[in-house]
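Take a look at the letters that make up each chain.
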Amino acid sequence: MGEEQSSTSSAAPKQKKQRQRNRPRNKRNRLQDNEIQSPNESAMQKANSNPNQNGAADKTREQVMAEREAKKQAKLAKKQKTTTPTAVETAAATTKPATTIITEVEQTTITTKLTTTTTTTTKDNVVAAVAAATSTKVAPSSEPPDSNTGEKTRDQIKAEREAKKAAKQAAKTAKTTGNNNVDTVTQKLNNLEVAPSTAAPTDVEKKKPALSKAERRAIQEAQRAAKAQGQTKKPNAAPTADAKATEKKLPSVITTPAAAVKESKRESESPAKSPAKLSPLKTERECKVKLFNHLVRANHDASLFINDARVHPSIARLGVQYAERTIVGSNARCIAFLHALRQVVQDFETPAKKEFGRSLDGAVKYHVEHLNKCRPLAVSVSNAYKQFRNQLTQLPADTPETELKEQLAHFIDTYVENQIGKAAQAISSSMQEKITDGDVLLTFACSSLIQYILEEAKRRKVAFRVIVVDSRPFCEGQEMLRRLHAHGIPCTYVLINAVSYVMPEATKVLLGAHALLANGYVMARAGTAQVALMANCHNVPVLVCCETHKFSERFQTDAIVYNELCDPNQLVMNAKCCLNNWHKSRLTPLNLSYDITPPELVSAVVTEVAILPCTSVPVILRIKPEIGY
Amino acid sequence: MREQPLKEVTQLIHAIKMGLVEGSYSITNKTLDIFKYIIMSKSWQSADALMQIVRAQSRIMQAALPQETVTSNIARRILKLTREEFDLLQAKVQHFADDSQASLSLHKLVTQTSENSVSVDYSIPQQGLREALLDHLQEVETELETSSENISVQAEEHIHSSEIILTLGHSRSVENFLKRAIKKRQFLTIIVAECAPACRGHNLAATLANEKNVEIIAIPDAAIFAMMSRVNKVIIGTHSVLANGGLRAACGAYTVALAAKHYSVPVIVLAPMYKLSPLHLCEQDAFNMVGCAEDVINYDSLPARDAKVYSPKFDYVPPELVTLFISNTGGHAPSYVYRLLTELYHPEDLEL
Numbered sequence: 001m002g003e004e005q006s007s008t009s010s011a012a013p014k015q016k017k018q019r020q021r022n023r024p025r026n027k028r029n030r031l032q033d034n035e036i037q038s039p040n041e042s043a044m045q046k047a048n049s050n051p052n053q054n055g056a057a058d059k060t061r062e063q064v065m066a067e068r069e070a071k072k073q074a075k076l077a078k079k080q081k082t083t084t085p086t087a088v089e090t091a092a093a094t095t096k097p098a099t100t101i102i103t104e105v106e107q108t109t110i111t112t113k114l115t116t117t118t119t120t121t122t123k124d125n126v127v128a129a130v131a132a133a134t135s136t137k138v139a140p141s142s143e144p145p146d147s148n149t150g151e152k153t154r155d156q157i158k159a160e161r162e163a164k165k166a167a168k169q170a171a172k173t174a175k176t177t178g179n180n181n182v183d184t185v186t187q188k189l190n191n192l193e194v195a196p197s198t199a200a201p202t203d204v205e206k207k208k209p210a211l212s213k214a215e216r217r218a219i220q221e222a223q224r225a226a227k228a229q230g231q232t233k234k235p236n237a238a239p240t241a242d243a244k245a246t247e248k249k250l251p252s253v254i255t256t257p258a259a260a261v262k263e264s265k266r267e268s269e270s271p272a273k274s275p276a277k278l279s280p281l282k283t284e285r286e287c288k289v290k291l292f293n294h295l296v297r298a299n300h301d302a303s304l305f306i307n308d309a310r311v312h313p314s315i316a317r318l319g320v321q322y323a324e325r326t327i328v329g330s331n332a333r334c335i336a337f338l339h340a341l342r343q344v345v346q347d348f349e350t351p352a353k354k355e356f357g358r359s360l361d362g363a364v365k366y367h368v369e370h371l372n373k374c375r376p377l378a379v380s381v382s383n384a385y386k387q388f389r390n391q392l393t394q395l396p397a398d399t400p401e402t403e404l405k406e407q408l409a410h411f412i413d414t415y416v417e418n419q420i421g422k423a424a425q426a427i428s429s430s431m432q433e434k435i436t437d438g439d440v441l442l443t444f445a446c447s448s449l450i451q452y453i454l455e456e457a458k459r460r461k462v463a464f465r466v467i468v469v470d471s472r473p474f475c476e477g478q479e480m481l482r483r484l485h486a487h488g489i490p491c492t493y494v495l496i497n498a499v500s501y502v503m504p505e506a507t508k509v510l511l512g513a514h515a516l517l518a519n520g521y522v523m524a525r526a527g528t529a530q531v532a533l534m535a536n537c538h539n540v541p542v543l544v545c546c547e548t549h550k551f552s553e554r555f556q557t558d559a560i561v562y563n564e565l566c567d568p569n570q571l572v573m574n575a576k577c578c579l580n581n582w583h584k585s586r587l588t589p590l591n592l593s594y595d596i597t598p599p600e601l602v603s604a605v606v607t608e609v610a611i612l613p614c615t616s617v618p619v620i621l622r623i624k625p626e627i628g629y
Numbered sequence: 001m002r003e004q005p006l007k008e009v010t011q012l013i014h015a016i017k018m019g020l021v022e023g024s025y026s027i028t029n030k031t032l033d034i035f036k037y038i039i040m041s042k043s044w045q046s047a048d049a050l051m052q053i054v055r056a057q058s059r060i061m062q063a064a065l066p067q068e069t070v071t072s073n074i075a076r077r078i079l080k081l082t083r084e085e086f087d088l089l090q091a092k093v094q095h096f097a098d099d100s101q102a103s104l105s106l107h108k109l110v111t112q113t114s115e116n117s118v119s120v121d122y123s124i125p126q127q128g129l130r131e132a133l134l135d136h137l138q139e140v141e142t143e144l145e146t147s148s149e150n151i152s153v154q155a156e157e158h159i160h161s162s163e164i165i166l167t168l169g170h171s172r173s174v175e176n177f178l179k180r181a182i183k184k185r186q187f188l189t190i191i192v193a194e195c196a197p198a199c200r201g202h203n204l205a206a207t208l209a210n211e212k213n214v215e216i217i218a219i220p221d222a223a224i225f226a227m228m229s230r231v232n233k234v235i236i237g238t239h240s241v242l243a244n245g246g247l248r249a250a251c252g253a254y255t256v257a258l259a260a261k262h263y264s265v266p267v268i269v270l271a272p273m274y275k276l277s278p279l280h281l282c283e284q285d286a287f288n289m290v291g292c293a294e295d296v297i298n299y300d301s302l303p304a305r306d307a308k309v310y311s312p313k314f315d316y317v318p319p320e321l322v323t324l325f326i327s328n329t330g331g332h333a334p335s336y337v338y339r340l341l342t343e344l345y346h347p348e349d350l351e352l
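Sequence order for the protein chains is S and H. For the first sequence, the tail end lands on 629 under full-length UniProt numbering, and the numbers increase by one without skipping. For the second sequence, the tail end lands on 352 under full-length UniProt numbering, and the numbers increase by one without skipping.
Hints were generated in silico from the structure; no laboratory data involved. Some hints here could point you the wrong way.
Said to hold, decoys possible - With a cut-off of at most 30 Å between alpha-carbon atoms, the simulated DSBU-like pairs for lysine-lysine come out as follows: (1) S:K576 with H:K7; (2) H:K183 with S:K584; (3) S:K290 with H:K233; (4) H:K184 with S:K584; (5) H:K42 with S:K576; (6) S:K422 with S:K405; (7) S:K290 with H:K212; (8) S:K576 with H:K36; (9) S:K353 with S:K405; (10) H:K308 with S:K458; (11) S:K584 with H:K308; (12) S:K584 with H:K233; (13) S:K508 with H:K308.
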């Protein structure tokens, strides 16, 4: 947040100001509180002449910010006046006239604020108006006739106070001319203000809603960049960043002078507060369980961002498949990702005067981010991506591009073959020793690896049967049942509730995994832990089959810190279900993707390296680079 | 000897089988009505004759409805009442009031079976027995009616504000209990596991969502373990409480109890007194029944042709997984259930 204190003003008032400024920020969602406190605050205002708190009930955060910004601009203008008097020649030389000018500015601001509905426009108006003030082109005529006279007068008083205070501060800062930043800032501010000064504030107001989506996005991006720049705590740093960003962006938005101003305006606030982002946040909060507020639900409406020209079609398609869950299971997701990645590599064209490896890295990173937006990346996918990047950095610099591409394609192919294909074979062959005649194997949901192992056992003509445990709402077990049925394996099918009913029959429990965490916990489809728990209780050995490419370096002790939330509507069974209108009530269906099985519930993990206890995961993670790639 | 069922009994059995009468409470109530009718009828002259009739009818019901233990429970209650009233009246006649079974001591518990069975002859016709029984039956009826209320009153003793409570399926006692808790305590979060395939948990969730100041989370059964790490208390209903303190509860209760045990979460079971059955069953095979599998998997799906599909209705929960029973008379530890049983039923009536 850009604070306008200059370094030289005394410390005590600075703190006071800061405290006041912080207050509305804390209260933005508690309008009632604000109303209760407003008499108090108005009393304080008399002493401090700070207008921000008054009438907080009807003022949004943006408005408050806008006022602050106006103050800031005014002050800078004053500073400018002392350092480069030519820029603001026409501005009144003494503080007294300046005050009146600013008062007028504030009036126009506030009146336009009252007449417009969107907060963004008001903000622009503030800046535009301030800009006008610095060029002494305050147009009282632009002030539209206002019906809300009661509010207006209050705001006027406030504005006057505000202006007085700003002027005082400006006078104070004017004395200190030793600041290095000031010159640059003022220059940039001049640049900034050239554009809006041509347009009257009313014009700006009209133009505002006509902003295209693309422009807005550009603005947001600029704003984000500026925010990152403006993180330094130096006084005046924020305005500098603002100005810089504005300069950067000016060519693109030069047609709409308002936009440039808007940028500089918006930059002073954090991106989360921009109105574009507010509305989705709100709707999300409505259907969220408090415990899981920290988890971002994947944007299921992939069409929102799928038409991105920078995304390769194969990745775009994959993104949709991820989002719609046509590709599920960490192996399938990983393979699909690598295939798409190979396409990307093949079609990649190195931009002029750029290095192949680096520019490809950037492009792939963008694509992976896109996929992550569609659905949070599976551990297997992010591991594959990590390996791929590792490979990119090791590319020789003097080899022709086509050869490099071939190398990368070869790497991807071997990764799929070794990490997924051969690993499955290795796991299967070691599992075959464990499956004997008369075995009753219990498995949960659907795992391609388990399916592979069972089919192999069937091929070996082992007489065994399988109990498939399933759970709503995914019902992946039905798919497993279908596949096993196709291979003629006798099956029993129960829901997870009934696992205690079938567990006494089972001789072994085979479970697939989404990932194995570094602390030995198994992350798998929700319900796996329950099956393992029940197996443990009945003294049935639990074997988790997991390739090492799914090993994760993350530590996790519960399923709540990191998880994936799926569509809660999947819990609603049919039109007659009581959960149908859950949106309207206090009821929230929660659809978790994964859970975490503690290592004490798992007898062993079967990997392509060896059959290990869960706790050996860190060992594998450490030796992994040596064992194959 | 083969007894014929009364017309009322056949009607009730039919109604229960057709699902017209549902829930332990209404079944108990209806059974009690039948026994009341029997007592009022003139078909018996002595306590012994009455007990014969009650035994016969309850045996029929038990055979017809093996899963509904409450009918036998209430029959045992009636038998015990008959014995008590008879003893009391006999004692009045013989002027040794202290021998009545109203005051049970451990010593008497141990000794009474041998003494009483010899000494008391129930076949003597007793004046005023019918009236006394009907009076006492009124008490039982009131107890039955208020049992749910009496359980829910205890909600405040067990639930504090901002607690996260997990429950499974839909039990009427639990519903009332939680409603009471929501009224008395703020910021409760109630997690309802749906209990597939019937998904009656959805009903409970929807009902509770009408209350204020509460957050209801409906979860699939697979997420029980994941959520358990945050749960403060598990509150479930049960179908019946077995003699060892174990539960015969809705399918999935075992998983819930095990997960709770894993995370050391207390499991509170709401069980009105009429659900206490003197049955010593230590595994689910003894009483379980499988329901319709159509809900689990569509019959017309290809794999369903060959696969065995089960949809069991009950789960056995061993007593060591239960922390506390809350009945209409207060809280009880699972290890205390046997004592409640001896107070509730006469030792000779355990076998009907």
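To see whether the hints hold, each was checked on the structure:
1. Between S:K576 and H:K7 the alpha-carbon distance is near 37 Å, which puts this suggested pair outside the 30 Å criterion.
2. The straight-line distance between the Cα atoms of H:K183 and S:K584 is roughly 20 Å, inside the 30 Å bound, and the hint therefore holds.
3. A C-alpha spacing of about 18 Å is found between S:K290 and H:K233, which places the hinted pair at or below 30 Å, so the restraint holds.
4. Between H:K184 and S:K584, the direct Cα distance comes to roughly 24 Å. Compliance with the 30 Å bound is thereby established for this hinted pair.
5. Restraint check: the Cα-Cα separation between H:K42 and S:K576 comes to about 50 Å, which exceeds 30 Å; the hinted pair is violated.
6. The straight-line distance between the Cα atoms of S:K422 and S:K405 is roughly 24 Å, inside the 30 Å bound, and the hint therefore holds.
7. The suggested pairing of S:K290 with H:K212 holds, with an alpha-carbon distance near 16 Å, which does not exceed 30 Å.
8. Restraint check for S:K576 and H:K36: not satisfied, since their Cα atoms lie roughly 40 Å apart, outside the 30 Å limit.
9. Only pairs whose Cα atoms come within 30 Å are accepted, and S:K353 paired with S:K405 is accepted, the gap being roughly 18 Å.
10. With a CA separation close to 19 Å, the supplied pair H:K308 and S:K458 stays within the 30 Å bound.
11. The hinted pair formed by S:K584 and H:K308 fails the criterion: a straight-line CA distance of about 40 Å is larger than 30 Å.
12. The straight-line distance between the Cα atoms of S:K584 and H:K233 is roughly 27 Å, inside the 30 Å bound, and the hint therefore holds.
13. The hinted pair formed by S:K508 and H:K308 meets the criterion: a straight-line CA distance of about 18 Å does not exceed 30 Å.
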